[in-house]
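Protein chains: 2
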Amino acid sequence: MSSAGDSLQRLQELGELVISAIKRGEFPKLEMPDRSTNNIVFNKEKNQFVLGPSQICRDSSNTRHVRSFSQLLWVASFAKTLLESGRTSSLRDLYYSSEAYGVHFKDQAESDRVVSDLECVVGLAREDLGIFPEERSSIFGQVTMRYTVAGYEGREIDLTMSPDGFPIGPALVTAEPVATDAELILAVESGGMFSRLIETGAWRRFGAVLVQLGGQPPRSTRRLVRRLHEALNLPVYIFTDGDPWGMHIAQVMISGSANAAHVDGLTVPTAKWIGVTPADIRKYSLPTEPMSDADLKRLDELARDPRYANPESQRHISEFRELRRKAEQQAFSRFGIDFVVEEYLPDKILDPPDAKRVTKQ
Amino acid sequence: MSSAGDSLQRLQELGELVISAIKRGEFPKLEMPDRSTNNIVFNKEKNQFVLGPSQICRDSSNTRHVRSFSQLLWVASFAKTLLESGRTSSLRDLYYSSEAYGVHFKDQAESDRVVSDLECVVGLAREDLGIFPEERSSIFGQVTMRYTVAGYEGREIDLTMSPDGFPIGPALVTAEPVATDAELILAVESGGMFSRLIETGAWRRFGAVLVQLGGQPPRSTRRLVRRLHEALNLPVYIFTDGDPWGMHIAQVMISGSANAAHVDGLTVPTAKWIGVTPADIRKYSLPTEPMSDADLKRLDELARDPRYANPESQRHISEFRELRRKAEQQAFSRFGIDFVVEEYLPDKILDPPDAKRVTKQ
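Residue numbers (this note's numbering), protein chains in the order written: chain A, 1 to 361; chain B, 1 to 361.
Mixed in with the good hints there might be a few duds.
Any copy will do: because identical chains look the same in the list, a pair fits if it lies in one copy or spans two.
[What the hints assert, rightly or not] Below, a list of computed lysine to any residue pairs in the SDA-like style, where the Cα atoms sit at most 20 Å apart:
#: 1; residue 1: 297; residue 2: 323
#: 2; residue 1: 80; residue 2: 200
#: 3; residue 1: 23; residue 2: 62
#: 4; residue 1: 44; residue 2: 264
#: 5; residue 1: 46; residue 2: 205
#: 6; residue 1: 106; residue 2: 285
#: 7; residue 1: 29; residue 2: 56
#: 8; residue 1: 106; residue 2: 290
#: 9; residue 1: 106; residue 2: 325
#: 10; residue 1: 29; residue 2: 55
I should point out that these hints are in silico values taken from the structure, not numbers from a laboratory. Since this is a predicted model, take the numbers as computed values, not measurements.
Model the full assembly from the supplied sequences, consistent with the hints where possible.
This is the structure:
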């Protein structure tokens with residue numbers, strides 16, 4: 001996470017680059033990494049997508065570039081205003097705010113793209129620039145965070161204080177992890193599972209910081225998980241539905257996505273998907289539904305995806321293909337509402353049969 | 001809100017009714033209000049939908065009723081287990097849990113329906129029975145709540161402690177409002193607006209408890225708003241997008257829905273929709289989009305809906321029909337990101353030109 005001061009400095013440098021060109025009587029140009037598909041490469045060592053060496057140039061002397069060039073500068077100046085005033089903006093608000101300045105975006109997809117351009121140019125994530133999506137997932141556990149947002153600077157909060165959890169919004173994403181009594185981070189897909197793990201006291205038993213993902217989580221949730229993992233040295237486990245979509249929620253947390261190949265600090269390469277695996281579905285005779293054509297097609301895509309080019313992932317995929325059925329994480333409730341806490345999770349986290357326990361390093 | 005003890009007693013009475021019939025050598029029967037469309041009537045005095053006098057009977061001597069009769073008793077016994085152990089369940093978990101007991105539901109829609117049946121039979125809302133949906137909206141403001149959930153009994157929380165707000169989950173829905181320094185409740189549709197009102201300190205300026213609805217809010221959010229309104233004597237304002245869907249979010253909070261005609265304690269008849277009204281769109285020259293066919297069709301439906309049978313609502317509808325355009329609440333950002341806080345909301349809440357201020361009674 002970059003501090004507001006560092007972010008402001010990067011924006012200032014960008015502005016100076018443009019102004020000095022103008023003062024020299026030149027048309028300003030901006031170089032940035034190329035985010036098009038053919039420059040997104042899979043880095044095997046990092047086990048994640050990164051951008052290749054290709055650069056593109058926004059040249060204000062080219063009339064075809066003038067529009068995107070000025071949009072980019074406006075987003076940079078909007079971000080500067082946000083950071084200077086300690087405010088944040090949603091991507092949607094940013095889109096609407098442009099009208100006040102006579103800057104035109106065709107739709108929000110276009111302004112979102114220009115926000116990504118700015119991320120590339122200044123080498124920061126949009127969250128560092130005060131720009132956040134609307135979606136929120138939640139967190140709960142034995143972690144103390146120190147806020148940095150205006151009005152709350154230096155105030156600390158214990159993330160067990162609210163038994164419904166805390167939304168992962170701008171304040172928590174920019175807060176500093178201060179201390180923890182937890183042993184691990186357990187990210188779960190559904191809100192029902194999140195509530196269950198809180199009210200059964202499972203968080204205490206497993207020493208778990210619980211994160212509710214709610215499907216593919218927003219980038220800010222992935223950033224917070226990564227920061228807690230690094231700052232507090234907590235291993236990360238991911239528990240999702242047993243289907244290709246659930247597997248992929250975990251895989252994106254582990255090795256990132258092509259869309260965010262230009263952003264650092266989102267992945268946890270040592271995170272572990274603990275299920276629901278196809279082997280779990282068989283072992284526990286879970287209630288299942290047949291896979292749809294879309295599910296099977298998705299499995300084919302994952303089989304070819306470089307992020308799944310490891311024996312364990314390929315085994316899961318071929319077992320899913322054989323099974324042709326899927327199960328939600330709630331399916332364990334068939335054995336009673338506490339089964340998942342009493343039996344399944346201890347097997348997976350405390351005493352995994354097929355893997356060494358991921359321990360605090 | 002019914003206490004867990006009261007709820008348990010109602011469930012117990014239901015069980016005794018069934019057992020005593022069996023002991024008398026009779027097939028047990030259960031009477032409940034009829035929830036079918038022709039028994040949902042609009043009560044003009046209450047300005048909301050209620051159930052008419054028609055009753056239906058689940059008769060276990062009728063083989064066509066045996067399935068729904070036993071499903072109902074199973075849901076009742078599941079709820080009893082939840083209440084006795086201080087647990088909650090999502091509607092989805094309840095559906096999956098049925099398998100553990102050999103009780104069969106065709107799909108979750110069927111188990112959701114049986115939960116509604118049980119609400120009718122015992123005259124309680126599902127939240128009183130420990131059963132919650134997955135969705136969460138958020139709350140933030142100068143209110144102190146005292147938790148009643150297991151592990152947190154008696155602990156108090158100040159709802160300004162988390163600058164990202166608090167999720168309205170099982171713990172907060174069952175907590176007791178203890179004290180407030182607030183003057184009013186301001187419910188807003190979007191998460192972006194919710195964040196804006198927190199970080200600009202608008203909550204302090206307007207003395208507002210902020211509630212983020214996120215579209216049509218879950219019933220538990222409406223319950224919490226109603227309880228804060230009653231217990232703390234706070235008037236309620238609702239701020240949504242300027243389109244028929246936004247109007248209807250407000251109207252359901254004001255006068256309820258046909259789906260929940262059998263549940264009390266969800267509506268705030270004196271709540272006020274403050275916009276974005278079609279008049280606001282004109283007055284502030286907001287950026288708009290043309291209404292789709294679905295939007296226009298929805299306006300026709302609302303025009304015929306008894307909940308809109310008042311001059312003010314009809315005026316909004318006919319102005320929307322003339323305008324044929326809609327605006328999101330973020331559209332005010334065209335005048336700068338603080339315009340909504342500096343200009344629009346003071347006009348609407350502190351000094352409404354076209355209506356008396358709703359004051360604390």
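Which of the numbered hints above does this structure break?
-> As far as the earlier hints go, only 5 is violated by this structure.
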